[in-house]
Amino acid sequence: MDNSKNDSRRDPPSRGFAREVAGRFFSRKLACLATLVVIFLTLVAIFAPVIVGTKPVVCRYKGGIYYPSLGYLDREWEHPIFRIDKFRNNYAKNLPKKDPDSWAFWPMVYQDPIRRVRADEKEGVPDSETLQPPSIHHLFGTDPAGVDVFAKMVHGTRTALLVGFVSMGIAALLGIVLGAVAGYAGGWIDHFINRVIEVVLCVPTLILILALIAIVPKPTIWHMMAVIGLTRWTDIARLTRGEFLRLRQSDFVQAAVALGISRAAIIFRHILPNALAPVLVPITFGMAGAVQIEAGLSFLGFGTPPPHPSWGEILDDGRANLTCWWLVTFPGLAIFATVLAYNIIGEALQEATDPRLRDARR
Amino acid sequence: MGVAAPVLKIDDLRTVFGKPPHQVIAVDSVSLSLAAGETLGIVGESGSGKSVTALSILRLLPAGSSRIESGQISFLGRDLVRLPARELRRVRGKEISMIFQEPGTSLNPVFTVADQMAEAIRLGPGGSRKEIRDKSEQLLHEVGIRDPLRVLASYPHQISGGQKQRVMIAMALSSDPKILIADEPTTALDVTVQAQILDLLRELRDRRGMSIIFISHDLGVISQIADHVLVMYRGKIVENAPVLDLFRSPKHPYTKGLLACRPRLAQNARKLTTIADFMELAPDGITLLERTLSPSDRKKLESEGRPPLLHPGSLMIDPTLTGTEVSAATKPILEVNHLCVHFPIRKGVFRRQVGQVKAVDGISFKVYPGQTLGLVGESGCGKTTTGRAILRLVPTTAGEILFEGRNFLNVRGSTLRQLRRRIQVVFQDPYSSLNPRLTVEAALIGPMRSHGIGSSAKDRRDRAATLMEEVGLSTEHLRRYPHEFSGGQRQRICIARSLAVEPDFLICDESVSALDVSVQAQILNLFKELQSRRGLTYIFISHDLAVVKFMADMMAVMNGGKLVEMGPAESVYRHPQQDYTKRLIAAIPDDSLEMIESRLARRRPL
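Chains as they are written, first to last, in the working numbering: chain A, 1 to 362; chain B, 1 to 606.
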C-alpha cells in the first residue's frame with residue numbers, strides 16, 4: 001500500500017548510490033582486507049625512499065637543506081650539487097668528509113636497491129656478499145650482484161603499482177570515451193569503433209611490447225605502460241558500449257529526452273554515472289593483468305630497464321639460482337598478493353554494483 | 001462443500017525472511033483447508049504473502065534467506081514442513097503441481113516443447129518413448145491446443161504466450177496431480193487469452209476433479225474460478241469466505257476497500273474510492289481501524305469532477321450520453337493524421353531489409369484541450385508505439401502530428417526541445433523510469449533549469465517542494481533517492497517530474513498497470529485532480545478497458561496497428577460496433593453477483 005505519510009517516519013536517512021555500493025562493498029571482510037593490502041602497497045610505494053635506501057631523506061650540506069632520497073623516484077630530483085661534488089651515491093661516507101658541519105636523516109634501513117653496499121660505508125652495516133640467505137642485515141637475502149632483495153622489493157612496489165594504475169588509466173579513458181560514443185551515437189560510428197576494437201583485439205600485447213623494445217632506442221617503463229594501456233581498452237569499451245545501448249533505451253533516459261534535456265546532460269548526468277559502476281570491474285581486473293604482464297616481461301628479461309627495480313627481475317635472478325629460495329619466494333608472494341587483492345576488489349565491486357548478483361547472495 | 005475430507009490442511013503457518021533484527025514475517029499464522037475438487041482463491045496485493053504461502057506448501061522458497069518458523073502443512077496425512085527432501089521431491093510435480101505467472105520464462109528456451117513435456121512425463125508416470133509421445137500429444141489436446149504436433153516440435157519462442165501457458169498447464173497435469181497451485185497464471189496474458197485460460201482451468205478442474213489453489217491480485221479473476229476466497233493482507237488472512245458471500249457482503253474493511261477501489265465498467269463514478277476510505281492504520285502501526293463512507297461522501301465520489309468532455313457532434317449521434325461537447329470553434333490541441341510507424345526487418349550479413357513490422361499503420365485522431373483520449377488494446381497492438389511516436393521517441397514513417405496546428409514532426413533543434421516541454425510522458429514501470437543516481441530534488445530541478453523555469457535556484461527548489469505536495473508526497477522526500485520509495489510513491493515522483501516543466505499535454509503510457517489496485521485508485525484520482533486543477537490534456541494508454549473507461553472522455557480501440565473503433569468512452573462500451581471491441585469487452589472478468597451465482601449453479605457439486 002501507498003501510505004507515504006507513514007513511510008516518512010520509518011525511512012532511514014537517504015544514501016546515494018555511491019555510498020550504498022561502498023556500504024555493501026565494505027560489509028565484506030575479504031574486500032576490506034584486499035583494499036587494505038592495496039593501501040599498504042601504495043604507502044610502501046610512496047614512502048619507499050624513507051623505508052630503505054642509502055641516500056639521506058633530509059640532509060644539511062654546505063648551508064643548504066637537501067632531499068637526496070628523491071633521487072630514487074627520479075634521477076633529476078637529486079640536487080646537482082652532489083654530482084658536482086662527486087658523491088658517487090656514497091652519502092654516508094662523503095657527507096661528513098666534505099662538510100663536517102653537515103647532518104642527515106637516514107632511511108629506516110640502510111640498503112640500496114641498485115648497488116651493493118660496501119663494508120666501509122656506514123657503521124654497523126657489513127659488506128654485502130652475493131647470494132646471502134635472509135639474515136638480520138639482509139631481511140630478504142641478497143641477489144647474485146650482492147644487492148639487498150628487501151630494498152629491491154620495496155622499491156619495486158612502485159613499478160608494480162604504477163604499471164597497474166597508469167596503464168589501466170589510459171585504457172579506461174580510451175575505453176569509456178570510445179565505448180560511450182559508439183553506444184550513444186550508433187550507426188556507422190558504432191560500426192567503425194567496433195571494427196577498431198576487433199583489430200586491436202587481434203594484436204597480442206606481449207608481442208607488441210617485445211617489438212617496441214626492439215625499435216625504441218631507450219625503452220622505459222612508461223613505454224610499456226602506454227602499450228599495455230593502448231591494447232587493454234577493448235573490454236572496457238565493449239562493456240561501456242553495451243551499458244550505453246541498454247541505458248539509452250531505458251525509461252528514465254527516454255523521459256529525459258521527452259523533457260527536452262540537452263544531449264550533453266543526458267550523456268553525462270543520466271547515462272554515464274549509471275554505466276560507470278560495471279565498468280569499474282574490468283578496470284580492476286585489468287590492473288591485476290598489467291602487474292602480471294610487467295612481472296612476466298621482467299622475468300623473461302625484457303622488463304623494466306635497470307634503474308627501476310621490479311619484482312619480476314628478482315624472479316629472473318631466482319631462475320638462474322634455483323637453490324636460492326628467497327629470490328623466488330618473496331617477489332612471488334608479493335605478485336600473488338597484489339594480483340589477488342585486485343581480483344578480490346574487482347569481484348566485490350561486481351557484486352556490490354550488480355543487483356542481480358547481490359540478490360543471489362542473500 | 002465442507003463434506004469431503006480436506007486434501008490439504010495448513011495450520012498456523014509462519015514463514016519468515018531474514019535474521020531476527022531485520023526479520024520480516026511474510027506469512028503470519030495462516031490456516032486454511034482445501035477440499036478435494038475445491039478451488040481456493042487467494043487474493044491480496046503485492047507483499048501480502050499470498051505467493052509465499054503457495055511456495056511454502058512445496059518448500060520452494062530460497063533456503064538461505066527464508067524459513068518456515070512454525071506450523072503444519074498436512075497433505076494426505078503427511079506433514080510437508082517436516083518431510084525429508086527426497087520424499088518431498090516425490091510430492092512436487094506429481095501430487096502437487098504448480099504453474100507460474102510468466103509462461104515466457106518458465107519454459108527452457110533451448111529445448112523443444114516435446115523435450116520438456118517428455119521430461120515431465122518421465123518424472124511422473126513414465127513409459128516408453130512412444131507412450132510418452134502419445135501422452136504429450138493427448139495432454140496438449142486436452143489443454144485445448146488445436147495442432148499438438150506442430151507445438152510439440154516448436155521451441156518456446158515460436159509459440160504465443162497463451163500457448164506457452166497451456167503447455168505449462170499440460171506439463172503440470174502430466175502426472176495427474178491432486179492439487180494444482182496456480183500463481184497468477186493469467187496476469188501476464190492479454191485479457192482475451194486470460195478468459196480462455198480461465199475457461200480451460202475450470203473445465204479441467206471439473207473433468208479431473210482436482211483441487212486448485214488460485215492466487216491472484218485481481219478479485220475479478222478470482223470471482224471467475226474460485227469456490228472459496230481467502231483475502232490476505234500483510235501476511236495475515238483477513239477474510240475467509242465462500243465466493244458469493246465475499247462479493248455479496250464483505251466483512252473486513254480491507255476486502256470492502258479492495259472491492260470498491262477497482263474501476264468497474266458498469267459504474268459511472270468520477271472518482272474512485274480508495275482503501276483509505278474504508279480503514280486506517282492506528283497510530284501504533286498494527287491495529288486497523290474501520291471507517292465508513294457516509295452517503296454524502298459516496299455522492300461526492302459520483303458528482304465531484306467534471307462530466308465527460310466529448311468531441312463536437314457526439315451528442316447528436318448518441319443523445320443518451322451524459323457530458324458536454326467541446327464547442328465547434330475550438331481547435332484540437334493535437335491532431336494525428338495517417339500516422340505510420342514501420343520497423344524494418346533486416347536479415348543476412350549485409351542487413352538487407354526483407355520486410356517491415358507495421359507497428360502503427362495509418363491512424364488518425366484528434367484531441368481537444370482539456371480532454372482525455374483513452375487508447376486501449378492488447379499487447380502488440382501499437383498503442384505504446386503511437387504514444388512514443390507522438391513524443392518523437394521513435395522515428396515515424398509517414399503521416400503528420402499537428403500540435404496546436406503546427407507539424408511537430410518537422411521541428412528540430414532548440415525549437416523541438418521547447419515543444420517537448422509541452423508534451424510529457426508518464427511510463428509504466430515506476431522502477432526503471434527514475435534515474436537511480438539522482439535525488440528527487442535533482443530529478444525535478446534539472447528539467448526546470450534546462451528550460452529556464454523559475455527565476456533562481458531557490459525559486460526552483462520552492463517549485464519542487466510545491467510539486468511534491470501537489471502529487472501527495474512531502475517535501476522531506478526531496479533529498480531522497482528513488483530506491484527508497486514504494487512503487488506508488490515513485491509513480492507520483494514521475495508525475496511530479498513531468499509536471500515540473502509545466503506541460504499542457506500528458507501521455508500516460510500504462511501508467512497504473514504495474515501498481516496494486518489500491519495504489520492504482522489513488523493514482524487515477526490524482527490524474528483526475530491534476531487535470532481539473534491544471535487543465536491538462538491526456539492521452540491515456542492502457543490494456544485495461546475498465547481503467548480507460550474510467551479515465552477517458554473519448555476512447556479509441558487499437559488492433560494490429562490500426563484504429564478499430566473510436567467514440568465517446570461510454571458509447572464504445574455500451575454499443576460496441578466492431579467485433580473486436582465486442583470480444584474485448586466480453587473477455588473482461590464480470591464479477592457481478594448474478595454472474596457468480598450462475599457460474600456456481602452450473603458447477604458440478606463437489
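Be aware that one or more of the hints could be misleading.
Said to hold, decoys possible - Selected chain B positions facing chain A (Cβ under 8 Å, derived; list incomplete):
hint: 1; residue: F365
hint: 2; residue: K366
hint: 3; residue: I401
hint: 4; residue: L402
hint: 5; residue: R417
hint: 6; residue: R420
hint: 7; residue: S432
hint: 8; residue: N435
hint: 9; residue: P436
hint: 10; residue: R437
hint: 11; residue: H575
hint: 12; residue: I596
FYI, nobody ran anything at the bench for these hints, they're computed from the structure. Where a beta carbon is used, it is the ideal one built from N, C-alpha and C, also for glycine.
Against which earlier hints does the structure fall short, listed by number upward?
Going through the list in order, the structure violates hints 1, 2, 3, 4, 11, 12 and respects the others.
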